[in-house]
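Chemist: Which chain is which? The protein sequence lines are C and F, in order. When the letters of the first sequence are read in order and numbered with this note's numbering, they come out as residues 52 to 160. When the letters of the second sequence are read in order and numbered with this note's numbering, they come out as residues 800 to 913.
Hints are computed from structural coordinates only; laboratory data are not their basis. Among these hints, one or two may not hold up.
Now the in silico label distances, taken between C-beta atoms and shown as ranges [claimed, not checked]:
#: 1; chain 1: C; residue 1: LYS107; chain 2: F; residue 2: PRO838; range: 29 to 35 Å
#: 2; chain 1: F; residue 1: ILE862; chain 2: C; residue 2: THR157; range: 38 to 44 Å
#: 3; chain 1: C; residue 1: GLU56; chain 2: F; residue 2: GLY815; range: 33 to 39 Å
#: 4; chain 1: F; residue 1: SER826; chain 2: C; residue 2: VAL106; range: 16 to 22 Å
#: 5; chain 1: C; residue 1: LYS147; chain 2: F; residue 2: SER826; range: 19 to 25 Å
#: 6; chain 1: C; residue 1: SER96; chain 2: F; residue 2: ASN871; range: 20 to 26 Å
#: 7; chain 1: F; residue 1: ASN871; chain 2: C; residue 2: GLY110; range: 37 to 43 Å
In the DSS-like style, the derived pairs of lysine-lysine whose C-alpha atoms are separated by at most 30 Å in a straight line are [claimed, not checked]:
#: 8; chain 1: C; residue 1: LYS107; chain 2: C; residue 2: LYS68
#: 9; chain 1: C; residue 1: LYS92; chain 2: C; residue 2: LYS147
#: 10; chain 1: C; residue 1: LYS147; chain 2: C; residue 2: LYS107
#: 11; chain 1: C; residue 1: LYS68; chain 2: F; residue 2: LYS864
#: 12; chain 1: F; residue 1: LYS864; chain 2: C; residue 2: LYS147
#: 13; chain 1: C; residue 1: LYS92; chain 2: F; residue 2: LYS864
#: 14; chain 1: C; residue 1: LYS54; chain 2: C; residue 2: LYS152
#: 15; chain 1: F; residue 1: LYS806; chain 2: C; residue 2: LYS152
#: 16; chain 1: F; residue 1: LYS864; chain 2: C; residue 2: LYS54
#: 17; chain 1: F; residue 1: LYS864; chain 2: F; residue 2: LYS806
#: 18; chain 1: C; residue 1: LYS119; chain 2: C; residue 2: LYS107
#: 19; chain 1: C; residue 1: LYS92; chain 2: C; residue 2: LYS119
#: 20; chain 1: C; residue 1: LYS147; chain 2: C; residue 2: LYS54
#: 21; chain 1: F; residue 1: LYS864; chain 2: C; residue 2: LYS152
#: 22; chain 1: F; residue 1: LYS806; chain 2: C; residue 2: LYS92
Computed from a predicted structure; not experimentally measured. From the three backbone atoms N, C-alpha and C, an ideal C-beta is built for every residue, glycine too.
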Amino acid sequence: ELKVEQNPLFLSMQEGKNYTIYCNYSTTSDRLYWYRQDPGKSLESLFVLLSNGAVKQEGRLMASLDTKARLSTLHITAAVHDLSATYFCAGGSNYKLTFGKGTLLTVNP
Amino acid sequence: SAVISQKPSRDICQRGTSLTIQCQVDSQVTMMFWYRQQPGQSLTLIATANQGSEATYESGFVIDKFPISRPNLTFSTLTVSNMSPEDSSIYLCSVESERNYGYTFGSGTRLTVV
């Protein structure tokens with residue numbers, strides 16, 4: 052059974068700083084997903100990573116996947132307040148998503 | 800990617816009653832998924848709903864408590880039966896979007912049981 056661990060669970064950053072959220076998973080996963088959730092809202096898809104070495108970037112967010120290490124990272128560059136949200140990674144196998152516990156990111160001015 | 804309309808968006812229900820949540824997708828999809836997000840927690844898959852067959856439930860979830868219907872390729876319902884305060888959660892439906900675009904989630908139903 053796939054298990055997904057995210058860390059940190061809480062992250063308070065200053066605007067302009069860089070930081071990385073880590074996502075470890077326990078067994079083979081077909082794909083690795085990153086989602087964003089704003090308070091009281093649903094999930095917004097950020098990235099889908101399909102293969103070893105995959106790197107995707109959108110604005111200040113960059114996600115990568117190392118299948119050998121069973122590790123995905125979400126790197127935040129020069130954080131801005133609008134990035135404050137909860138970020139989830141999820142592993143997928145046979146159409147079933149297993150989510151990490153989420154990282155609550157707060158970006159302070 | 801697919802667009803999902805989910806309703807109700809929120810409800811406050813008395814314990815012992817049932818609530819049916821609906822999800823309508825703007826395109827035909829083979830599988831629909833139902834998730835629960837307990838307060839401050841992550842998402843847990845409840846079941847997978849295929850049109851024309853019984854839903855497949857994950858460990859810890861049973862059909863008597865969470866009956867699911869899937870009458871066609873664009874619609875599904877999840878019922879939360881005989882509710883207790885422990886059922887207070889956000890319930891979300893999801894479909895697989897175009898390949899490589901991940902999964903799309905409905906806007907969620909915030910359920911409070913009193």
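Chemist: Run the structure past the numbered hints and jot down the numbers of the failing ones, going up.
Modeler: Those not satisfied are hints 4, 11 and 19.
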